[in-house]
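Please take these sequences and the hints and turn them into a complete structure.
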Amino acid sequence: MTAMVEGKVVVVTGAGGGIGRDIALALAAEGARVVVNDIGTSTSGEGSDEGPAQRVVGEIRAAGGQAVASTDSVSEAHSANRIVTCALDTFGRIDGVVNNAGILRDRFFHKMSDAEWDGVIKVHLYGSWHVSRAAANHFKEQGSGAYVHMTSTSGLIGNFGQANYSAAKLGIVALSKSIALDMGKFAVRSNCIAPFAWSRMTGSIPTDTPEQQARVDKIKQMTPAKIAPLAVYLLSDAAREVNAQVFAVRNNEIFLMSQPRPLRSVHRGEGWTPRSIAAHAMPALRASFVGLERSGDVFAWDPV
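Every letter in the sequence shown is one number past the one before it in numbering that gives the first Met the number 0, and letter 106, counting from 1, is 105.
Any given hint could be a false lead.
[As the list claims (entries may be wrong)] Pairs of lysine-lysine, PhoX-like flavour, derived with a Cα cap of 25 Å:
#, residue 1, residue 2
1, LYS184, LYS139
2, LYS176, LYS139
3, LYS110, LYS121
4, LYS121, LYS176
[To be verified] Label pairs and their computed distance ranges (CB to CB):
#, residue 1, residue 2, range
5, SER264, HIS137, 42 to 48 Å
6, GLY183, ARG54, 34 to 40 Å
7, ASP48, ALA224, 18 to 24 Å
8, ALA278, MET256, 34 to 40 Å
In short, the hints are calculated from the structure, not lab data. Cβ atoms here follow ideal geometry from the backbone N, Cα and C, with glycine treated the same way.
Next comes the structure, spelled out in structure tokens:
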């Protein structure tokens, strides 16, 4: 059986653990040469450690695969360029990017600081932009390439205490769509995955009540390895017709997520006034309002 991504060179950011690690391992098992990028910070972005990236490289090499470690940060353009240069210098090309690196600095909106906002936006949104941009000209010149960006249902649907993370993750969806539109003519694809998985990024979810503990127990069933097959597929030539889509993976379920489109409209030939909007437009539209829901309200059934 032919390996899905035989010979391709793929950068995986945040690959020192969790979802990124499993994607890197799965890519290598399917024949890819992998740049394992991880700066080795805490989940909130403090410190650095070369160990996580090197350990994953060791795992890949021990299994007979090819990999190299990168410990450059995604949050600055110059260091993101070094990540792509690492792929070129080591393997001679780049075929795919998985934008997975991330941190959390959760806080209720009215208590969130500028530093907590900036730190999360820099890693998730700026990081996805920087690494994607660093690879873009190489993809254009060779007439091929694929991006896989990690989004989140916290952005697609909503969650408490994550204004920074939610804004970044929904911004990544718009970034991915823009890349798909601008680079489709060069046979470059860009798609998103919203993963449900237990990792150190979700390890901070509170378990103070029985309901919270039950929620965490459900999440623990969903291992990072469940995300990897879809990422490998999206980076393969088998997915050449898949572009600008948003998927979610929840244990053994794969979802195609909706993207914003008009739901309902109202028209008034003479135009609107604030009073006619209150009397006519809003009552007519109200039945189609989106509820104030969180991810757990929408995905309310047990993982299967």
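Verification of the supplied hints:
no.	hint	verdict
1	LYS184 - LYS139	holds, 9 Å
2	LYS176 - LYS139	holds, 17 Å
3	LYS110 - LYS121	holds, 19 Å
4	LYS121 - LYS176	holds, 19 Å
5	SER264 - HIS137: 42 to 48 Å	holds, 44 Å
6	GLY183 - ARG54: 34 to 40 Å	holds, 37 Å
7	ASP48 - ALA224: 18 to 24 Å	holds, 23 Å
8	ALA278 - MET256: 34 to 40 Å	holds, 35 Å
Every hint, counting from the list given before, is met by this structure.
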